[in-house]
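**Student:** Quick note, the sequences are listed as chains P and W, same order.
Read the first sequence against the UniProt record's numbering and you will find it ends at 306, with the numbers running on by one and no gaps.
Read the second sequence against the UniProt record's numbering and you will find it ends at 136, with the numbers running on by one and no gaps.
Quick caveat, the hints were computed from the structure, so don't treat them as lab data.
There's no promise every hint is true.
Computed from the model, here is a short list of chain P residues facing chain W with C-beta under 7 Å [as the list claims (entries may be wrong)]:
#1 A20
#2 D33
#3 F36
#4 G75
#5 T88
#6 P89
#7 L137
#8 K164
#9 K165
#10 T170
#11 N178
#12 C200
#13 L211
List of simulated lysine to aspartate or glutamate pairs, DMTMM-like, C-alpha gap at most 20 Å [said to hold, decoys possible]:
#14 K125/W / D114/W
#15 K79/W / D33/P
#16 K101/W / D22/P
#17 K101/W / D114/W
#18 K101/W / E67/P
#19 K125/W / D22/P
#20 K79/W / D26/P
#21 K83/W / D14/P
#22 K158/P / E143/P
#23 K165/P / D136/W
#24 K83/W / D26/P
#25 K164/P / E135/W
#26 K79/W / E89/W
#27 K144/P / E89/W
#28 K165/P / E89/W
#29 K94/W / D22/P
#30 K47/W / E37/W
#31 K94/W / D26/P
Cβ-to-Cβ under 10 Å is the rule here; a few derived chain W residues that face chain P [to be verified]:
#32 V10
#33 V12
#34 S13
#35 Q17
#36 L25
#37 Q65
#38 V77
#39 S97
#40 V98
Where a beta carbon is used, it is the ideal one built from N, C-alpha and C, also for glycine.
Read off the chains here:
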Amino acid sequence: MATKKKRTPNVHNDSWVVIAADSVIDPQTHGSDPAFVRLRNPSTDGASLYVLASGDAQLYEVKAFEEDLHSWFVGQTVQRDGKLLFVTPMDPLYLILPYLVKCGKEGKFQPVDQVVMDEEFPACSRLLRCTRSLASLHHIAEEKEVGSLKFHRYSEEKTMNWLKKKVERTVVALRNRNISVGEGVKSTTYVRVKSESDYCEEDYLRYGHGLISEYISEDLSKALLRHLQLPELTSPKETEPPSKRRKLSDKPVEAGDDYTKFNSPDFARKPPKKMTAAQKSLAKVDKTGMKTMSSFFSPKVKAEKK
Amino acid sequence: MSCNTSVTHVRVSSVSQAQGVPVHLMPCEIEHNGPAEVSQYFTATTKDHKHEKTVSFRGRGLKGQEIRCPEGYTGLVLKEISKPGSDQEDRTVKVSSVFDKLTYWNLETPPNSDDTVVLAMDWPKMAEAIHGPVED
């Protein structure tokens, strides 16, 4: 295994293997077809891929499960790209939250449709059409009604309580699924454990916090850690000088290089500003914007990136 | 970045014509996109044992297992209908095939519940916890 064959980049991919919630392709809710759209990822601030379906009533997250050196046989065809995409229902509030936080700095009550606007991601206004969006804004904002009009102002206190409940729900699910949350657990060694009593409440809370942190900004993630009364961990990586740590993610993505990099969290965090034509064509095969599954099984990712 | 405005539409009406197909996740990269005689040279030589399947592929012994899609989920193969001229144009994909189970293959290790693809099938349940509505 010492010699690694140089592989040609897979630029001709026009097919994707997906596991999607049945509701995405429910013919009952026709009217308009579901669509993959790019929206601002609340954690990375870059573009990520999401799905809006049922006439924008439901938002879905797109996650890539990807291991190196895999391909598909689909019927009587070979598909070189061994990626498996998951399309799962998503809470639109995570994507709306950053816009409210940003406008909240002004301290004014504002109509939410004037808050959720983004020149870079015009599709973001469609988030407000999701069934759950307007009905759940009170979890992250104070509401004021003047006549028939509603105004909102971001509330950190409410948001922290909402996020705490999110973490608690996640902890319950982790326990039910017997997912190992201990110290040594890394993305690739994510294993099932038989006895859940092996792990203490704090391990679960930290893991849950890590999972929720994939959907919020770094600032909110830190605030949530305090709200959960969990002390910040100082991992060896964090004590390294910043210049040393940044190197990895600042490395330009080369076209001839392993194209899976387009899907790494580092890439999602810092997309190169200028791309060559070759890189552009690579990017077009939709490597951008889909977060890898592995980031989900490693709650420490957030901490290590700093 | 202008390409953030382009949208990929999924033509739902194509689902009714999409055929169920056997789907295999192979433990190697095959540098090819396109037709292959999978049933003749791969499926036909697959042996079914109690808990695992075995097959020889390119001289290597593979061990595999069939897993079902999570409940409430369907496997789809999306295929682009026509290539867009630029990255600013909208794209359209159709559902070319559907599947409710897949077979994944390991190189040497017998399939077990800690295989990453098996664990990945837990993701929808975890996502439900992360994204489901919270009570007031």
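**Student:** Decide, hint by hint, whether the structure agrees.
**Tutor:** Going through the hints against the structure:
1. The restraint placing A20/P at the interface with chain W holds, with a minimum CB-CB distance near 6 Å, inside the 7 Å limit.
2. Taking 7 Å as the C-beta cut-off, the interface hint given for D33/P holds, the closest approach to chain W being about 5 Å.
3. Taking 7 Å as the C-beta cut-off, the interface hint given for F36/P holds, the closest approach to chain W being about 4 Å.
4. Hint status for G75/P: holds, given a least beta-carbon distance of 4 Å to chain W, under 7 Å.
5. Given the 7 Å rule on beta carbons, the hint for T88/P holds: about 4 Å separates it from the nearest Cβ of chain W.
6. Given hint, P89/P at the interface with chain W, holds; its Cβ is 6 Å from that chain's nearest Cβ, closer than 7 Å.
7. About 12 Å separates the beta-carbon of L137/P from the nearest beta-carbon of chain W, more than 7 Å, and the hint is not met.
8. A distance limit of 7 Å between C-beta atoms decides the matter here; for K164/P the minimum to chain W is near 9 Å, and the interface restraint is violated.
9. Here the hint on K165/P is kept, as its CB sits about 4 Å from the closest CB of chain W, short of 7 Å.
10. Restraint check, T170/P versus chain W: the minimum CB separation of about 5 Å is within 7 Å; hint holds.
11. Checking N178/P against chain W: minimum C-beta separation of about 10 Å lies over 7 Å; hint violated.
12. Taking 7 Å as the C-beta cut-off, the interface hint given for C200/P is violated, the closest approach to chain W being about 20 Å.
13. Interface hint status for L211/P: upheld, as the beta-carbon distance to the closest one in chain W is roughly 6 Å, under 7 Å.
14. Note on K125/W and D114/W: the hinted pairing holds, with a Cα-Cα distance of about 17 Å set against a maximum of 20 Å.
15. At roughly 15 Å between alpha-carbon atoms, K79/W and D33/P fall within 20 Å of each other, so this suggested pair holds.
16. Proposed proximity of K101/W and D22/P is supported: the alpha carbons are some 14 Å apart, at most 20 Å.
17. For the given pair, K101/W sits about 18 Å from D114/W by alpha-carbon distance, which is consistent with the 20 Å threshold.
18. Our distance criterion of 20 Å between C-alpha atoms is met by K101/W and E67/P, whose separation comes to about 19 Å.
19. Using a Cα cut-off of 20 Å, the hinted pair K125/W and D22/P holds, with the two alpha carbons roughly 14 Å apart.
20. Proposed proximity of K79/W and D26/P is supported: the alpha carbons are some 18 Å apart, at most 20 Å.
21. In summary, the hint linking K83/W to D14/P is supported, as the alpha carbons are separated by about 8 Å, within the 20 Å threshold.
22. A C-alpha spacing of about 11 Å is found between K158/P and E143/P, which places the hinted pair at or below 20 Å, so the restraint holds.
23. Restraint check for K165/P and D136/W: the C-alpha separation of about 9 Å stays at or below 20 Å, so the hint holds.
24. Between K83/W and D26/P the CA atoms are separated by roughly 26 Å; this puts the pair beyond 20 Å, and the hint is violated.
25. Taken as a hint, the K164/P and E135/W pair is honoured in the structure, with Cα atoms around 12 Å apart against an allowance of 20 Å.
26. At most 20 Å may separate the alpha-carbon atoms for a hinted pair to count; K79/W and E89/W meet this at roughly 17 Å.
27. A C-alpha spacing of about 40 Å is found between K144/P and E89/W, which places the hinted pair above 20 Å, so the restraint is violated.
28. Between K165/P and E89/W the CA atoms are separated by roughly 41 Å; this puts the pair beyond 20 Å, and the hint is violated.
29. Of the pairs offered as hints, the one joining K94/W and D22/P holds, with about 16 Å between alpha carbons and a cut-off of 20 Å not exceeded.
30. A C-alpha spacing of about 18 Å is found between K47/W and E37/W, which places the hinted pair at or below 20 Å, so the restraint holds.
31. For the proposed pair K94/W and D26/P, the alpha carbon gap of about 14 Å is at most 20 Å, so the pair holds.
32. Contact between V10/W and chain P, as hinted, is supported at the beta carbon level, the nearest pair being about 5 Å apart and thus within 10 Å.
33. Because the smallest distance between the Cβ of V12/W and any Cβ of chain P comes to about 5 Å, under 10 Å, the interface hint for this residue holds.
34. The beta carbon of S13/W comes within 8 Å of a beta carbon in chain P, closer than 10 Å, and the hint placing it at the interface holds.
35. Proximity of Q17/W to chain P is violated relative to the hint, the smallest CB-CB distance being about 12 Å (cut-off 10 Å).
36. Against a cut-off of 10 Å between C-beta atoms, the interface hint on L25/W holds, since the closest Cβ of chain P lies about 6 Å away.
37. A cut of 10 Å between beta carbons decides the hint on Q65/W: the least distance to chain P is about 15 Å, and the hint is violated.
38. Because the beta carbon of V77/W sits about 5 Å from the nearest beta carbon in chain P, less than 10 Å, this interface hint is met.
39. A cut of 10 Å between beta carbons decides the hint on S97/W: the least distance to chain P is about 6 Å, and the hint holds.
40. Look at V98/W: its Cβ gets to within about 9 Å of chain P, closer than 10 Å, so that hint holds up.
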